[in-house]
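Assemble the whole structure, with the sequences as input and the hints as a guide.
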Amino acid sequence: MPIEVQANLSSAQIAETIHETILQAIPGAEIEVRPGGVGHFEIRVESDAFEGLGRVKQQQLVYGAISELLSGSNPPVHAIDKLDCVVP
Amino acid sequence: MTSIEEPVREKIDQLVQSHPVLLFMKGNRQAPQCGFSAKVISILDNYLDDYETVDVLSDGEVREGIKLYSSWPTIPQLYVNGEFIGGCDIITEMADGGELFGTFGVEPPSSTVPEIHIGDDAAEALRQAAAQNGGPDQYLHLSVSKDWQTSLSVAAKSAMDVEVQSNGVTLMVDPFSTDRANGITIELVETAEGRGFKVDNPNAPNLGEMSVQELKTLLESGDKFEFIDVRTPSEFETARIDGAVLLDETEYTRLSALPKQTKIVFICHHGPRGVNAGQQFLGQGFTNLHNVTGGIDAWSLAIDPETPRY
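Protein sequence lines, in the order shown, are assigned to chains V and H. Note that the first sequence covers residues 1 to 88 in this note's numbering. Note that the second sequence covers residues 89 to 398 in this note's numbering.
If you're looking for bench data, these hints aren't it; they were derived computationally from the structure. Cβ atoms here follow ideal geometry from the backbone N, Cα and C, with glycine treated the same way. Each hint should be verified, as a subset may be incorrect.
Far from chain H, by Cβ distances over 10 Å, these chain V residues were calculated [claimed, not checked]:
hint : residue
1    : 9
2    : 12
3    : 28
4    : 32
5    : 37
6    : 39
7    : 42
8    : 44
9    : 56
10   : 61
11   : 64
12   : 66
13   : 67
Simulated crosslink set (DSS-like; lysine-lysine; CA at most 25 Å straight-line) [said to hold, decoys possible]:
hint : chain 1 : residue 1 : chain 2 : residue 2
14   : H       : 127       : V       : 82
15   : H       : 99        : H       : 114
16   : H       : 114       : V       : 82
17   : H       : 114       : H       : 286
Shown next as structure tokens:
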């Protein structure tokens with residue numbers, strides 16, 4: 001189910017959208033999204049799916065999931081300041 | 089999830105497959121347009137003479153497409169042998185941890201501890217700088233670039249750094265700088281702009297001094313060299329030596345593109361402007377540079393009284 005991205009969402013709403021989008025791509029993941037400055041977020045994802053993957057591949061799983069939120073001329077997410085991928 | 093358009097995917101595939109080392113970046117190798125791209129270029133330059141870059145600023149399709157292609161939201165992005173390696177943070181960490189030698193198949197340079205001499209005043213100033221800017225895990229770093237620019241900074245220690253003790257100062261030297269830094273002397277000097285560090289590096293090529301007699305012999309020998317006049321166009325109109333070319337923007341661009349061992353002789357009115365020009369070209373990595381001592385005025389006095397003095 002694709003997620004509708006609306007303009008002028010609050011940081012909290014965007015954070016929730018990020019949360020939902022990652023959860024769809026990595027079912028069962030423990031996800032924490034912390035809003036920073038406007039359009040900036042820090043993300044922590046804990047999932048078995050990261051098991052055996054290098055750091056780049058782990059982050060690609062997450063970035064790949066939320067690429068829609070980061071692309072376009074005025075994306076709701078400007079930058080992920082920090083991304084921690086953790087194997088439980 | 090947004091998918092990448094097929095023609096863009098094919099275009100990026102083609103790029104990634106046809107270059108063993110490819111960096112998607114903002115700007116180019118000579119003029120990076122973003123700090124992160126510049127940082128990665130400065131790292132790659134240590135390991136590789138040749139590699140390819142793609143300027144995403146000049147191609148909107150690739151700029152957006154590469155983020156989807158790599159599942160990576162930021163530029164720069166490094167590909168080696170078709171495989172995505174990472175962005176700025178990851179490449180920096182790999183460099184610090186010594187992993188990039190394996191990535192590029194490059195032998196690590198020698199880790200011989202360089203001999204570094206630090207004057208008493210300079211040592212005191214460096215200790216103060218380290219104490220003010222330092223914290224736990226923060227160390228003074230010294231690096232000497234390929235074009236012989238020395239820089240001092242305070243940063244975290246990396247696994248590849250070589251530790252040097254000199255006059256009570258601890259310096260970290262990166263493995264690419266150790267040979268270039270061997271034998272250097274650091275002194276504290278007073279200049280018109282204030283106190284500053286002066287670095288004397290015996291490994292760096294110097295600007296040679298050329299007397300007007302030597303210049304005359306060289307001109308008569310017929311040997312090939314670049315003879316560059318760094319005065320203003322009106323001074324050049326007033327007095328000139330046959331064979332000299334005025335340094336303008338076009339000439340500067342032409343010279344900059346010549347092989348670095350090209351012999352270049354600079355001349356000005358009395359000498360100082362020639363020294364400045366010579367230092368500038370030393371900074372570009374040229375190794376066979378000379379300045380005519382006393383300039384064209386010395387030429388008028390000692391060699392050719394027909395050359396007008398002004």
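Cross-check of the supplied hints:
1. 9: 17 Å, holds
2. 12: Non-interface label on residue 12 of chain V holds, nearest chain H Cβ at 21 Å vs cutoff 10 Å.
3. 28: It holds; residue 28 of chain V is separated from chain H by about 19 Å at its closest Cβ, greater than 10 Å.
4. 32: Its Cβ never comes within 10 Å of chain H, the nearest being 18 Å, so this holds.
5. 37: Given a closest Cβ separation of 16 Å, the condition holds.
6. 39: 12 Å, holds
7. 42: Holds, because the least Cβ-Cβ distance between residue 42 of chain V and chain H comes to about 14 Å, which exceeds 10 Å.
8. 44: 16 Å, holds
9. 56: Given a closest Cβ separation of 5 Å, the condition is violated.
10. 61: Non-interface label on residue 61 of chain V violated, nearest chain H Cβ at 7 Å vs cutoff 10 Å.
11. 64: Violated: least Cβ distance 3 Å, not greater than 10 Å.
12. 66: Residue 66 of chain V is in fact no farther than 10 Å from some Cβ atom of chain H, at 8 Å.
13. 67: Given that some Cβ of chain H is not farther than 10 Å from that of residue 67 of chain V, nearest at about 5 Å, it is violated.
14. H:127 - V:82: Satisfied, since the Cα-Cα distance of roughly 19 Å is no more than 25 Å.
15. H:99 - H:114: Between residue 99 of chain H and residue 114 of chain H the Cα gap is close to 18 Å, so the pair holds against 25 Å.
16. H:114 - V:82: 21 Å, holds
17. H:114 - H:286: 34 Å, violated
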